[in-house]
Amino acid sequence: MYAAVPALLLNLLLSAILTAVLRKTKLGLHRGTAAVSAYTE
Amino acid sequence: MFCLFFLLVTLIGFWAARWRRPAAGIASLEEWGLAGRSFGTWVTWFLIGGDLYTAYTVIAVPALLYGGGAMGFFAVPYVVITYPLMMVVLPPLWTICHRHGYITLADFVSGRYGSRWLTVAIAVTGIMALMPYIALQLVGMQVVIEALGVHGEWPLAAAFIILAAYTYSSGLRAPAVIAIVKDVMLYAMVLAAVILLPIKLGGYAHIFEVASLALAAHTPASSIFLKPGQYMAYSTLAIGSAVALMLYPHTATAMLSAKSANVVRRNMAMLPAYSLLLGMIALLGYIALAAGVTTNNTSEAVPLLFLKMFPEWFAGFCLSAVAIGALVPAAIMSISASNLFTRNLYGAFARKPLSPAGESHMAKLVSLVVKFGALVFVLRLPVAYAVDMQLLGGIWIAQLFPAVVIGAFSRWFHPWALLAGWAAGIVTGTGMVVSLGLKSSVYPLHLFGETTPCTRQFPRCY
Chain L
0 MYAAVPALLL NLLLSAILTA VLRKTKLGLH RGTAAVSAYT E
Chain W
0 MFCLFFLLVT LIGFWAARWR RPAAGIASLE EWGLAGRSFG TWVTWFLIGG
50 DLYTAYTVIA VPALLYGGGA MGFFAVPYVV ITYPLMMVVL PPLWTICHRH
100 GYITLADFVS GRYGSRWLTV AIAVTGIMAL MPYIALQLVG MQVVIEALGV
150 HGEWPLAAAF IILAAYTYSS GLRAPAVIAI VKDVMLYAMV LAAVILLPIK
200 LGGYAHIFEV ASLALAAHTP ASSIFLKPGQ YMAYSTLAIG SAVALMLYPH
250 TATAMLSAKS ANVVRRNMAM LPAYSLLLGM IALLGYIALA AGVTTNNTSE
300 AVPLLFLKMF PEWFAGFCLS AVAIGALVPA AIMSISASNL FTRNLYGAFA
350 RKPLSPAGES HMAKLVSLVV KFGALVFVLR LPVAYAVDMQ LLGGIWIAQL
400 FPAVVIGAFS RWFHPWALLA GWAAGIVTGT GMVVSLGLKS SVYPLHLFGE
450 TTPCTRQFPR CY
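Chains as they are written, first to last, in numbering that gives the first Met the number 0: chain L, 0 to 40; chain W, 0 to 461.
Bound conformation, chain L alone (with noise of 0.2 Å):
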């Protein structure tokens, strides 16, 4: 298997876990420039 792909579905699956824990102990209140969807812009 190409190495990109493995490393890839780790990184997604990290990132959504660590969000889910950040977002529900209210640490996930992050704030970015561009506060609106891409389709609202």
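Hint data in this document are derived by calculation from the structure and do not stem from the laboratory. Misleading hints may appear alongside valid ones.
The calculated lysine to any residue pairs, modelled on SDA-like cross-linking and capped at a C-alpha distance of 20 Å, are [said to hold, decoys possible]:
#: 1; chain 1: W; residue 1: K438; chain 2: L; residue 2: P5
#: 2; chain 1: W; residue 1: K307; chain 2: W; residue 2: V149
#: 3; chain 1: L; residue 1: K23; chain 2: W; residue 2: V149
#: 4; chain 1: L; residue 1: K23; chain 2: W; residue 2: S409
#: 5; chain 1: L; residue 1: K23; chain 2: W; residue 2: R410
#: 6; chain 1: L; residue 1: K23; chain 2: W; residue 2: K307
#: 7; chain 1: W; residue 1: K258; chain 2: W; residue 2: A22
#: 8; chain 1: L; residue 1: K23; chain 2: W; residue 2: A419
Chain W: place on chain L using the hints.
Leaving out everything else, chain W in the frame of chain L:
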């Protein structure tokens, strides 16, 4: 013939500084690095085509088929997959970047998530992935120059000085104009090769027959058909490379120079014409086997094929097309790397923000440093290092997917989570390749007591 075309593109490169020049000049990153976001459908098509289909593509894809058979064809489904993906992702990205004046994907991530360290990670990944890619363009040029019988370091150094000079003075306008010349030459070269050479060699049936016998005699033996054990490697190479291509900084630079999101959409519909071209380029590997080209360095297969089968003047035309094919992506890549450094590394830590003129001045200087670094890489280190680093670069750049691609549609991810995921992906991917001795990016993965098979080590080399 070679010198004539090289002189032509040099003149075009310097003239490009005046092309579509605004009254205020091009002393800003927006103008120097993105040509004022002014390119219409056709210029963007030539620019992205010239950017993605590099000299090393023309050399390496047929070399993969010449040396390893059917596995090398993964490059074709790879580009077939990438354009529909880009069609979905790039227009919204263009819209956001245009609205906020973003020059790089790291600018986008900075605006999206407001995290300085995530931005730095994205910028460093982009620069680290681009450096060996630029070096490989020079390697492609070196192969062509050596095939012409010119040896020594000076021809490559001279080509580098020309490239550096016109990129410095004209910015993205230079590769955009040269890409038109390059792509017309490349289409003429490939069409002549795939029509005339089979006529000379007894037709495609004969070519496949001879190539099949020649590949079976290789050690280890290969074939014009994939073996079942190669299916997983083949499909993941195509999918992973398609994701990586979309995220390379030079893809973003060419995309952001378009004048509207519709230009980007139209281009994603038109770019598969280059996929057809790539399929034809790949066949040159089998044609070289059928023509009896023998070399231990598979990268020389295509130049030797041209020199053996074409009259001298047309071989010179073809080799100059390949060499010019190195100049366009090398220029765009160096511009992308300097944009990333100026905006997202220097810009992220500078106490006093640079003026637009100051930004463009710094980017110009950095583009010189980047190209000089790539030249030193090629001249002072073994070519294998550039190939190894490029192998890793593809894996690294794919790790931008969650922050950039998912970020174009959602702000759900937390920046610190994205940074942790990025670090895990980089370490895991690099670890896999290092554990294989940097000889392959295809890793035999042990999952649920099974090993995802990999029958042979397959180097990804462009």
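Now the hints, each set against the structure:
| no. | hint | result |
| --- | --- | --- |
| 1 | K438/W <-> P5/L | holds, 18 Å |
| 2 | K307/W <-> V149/W | holds, 17 Å |
| 3 | K23/L <-> V149/W | violated, 65 Å |
| 4 | K23/L <-> S409/W | holds, 18 Å |
| 5 | K23/L <-> R410/W | holds, 16 Å |
| 6 | K23/L <-> K307/W | violated, 67 Å |
| 7 | K258/W <-> A22/W | holds, 18 Å |
| 8 | K23/L <-> A419/W | holds, 17 Å |
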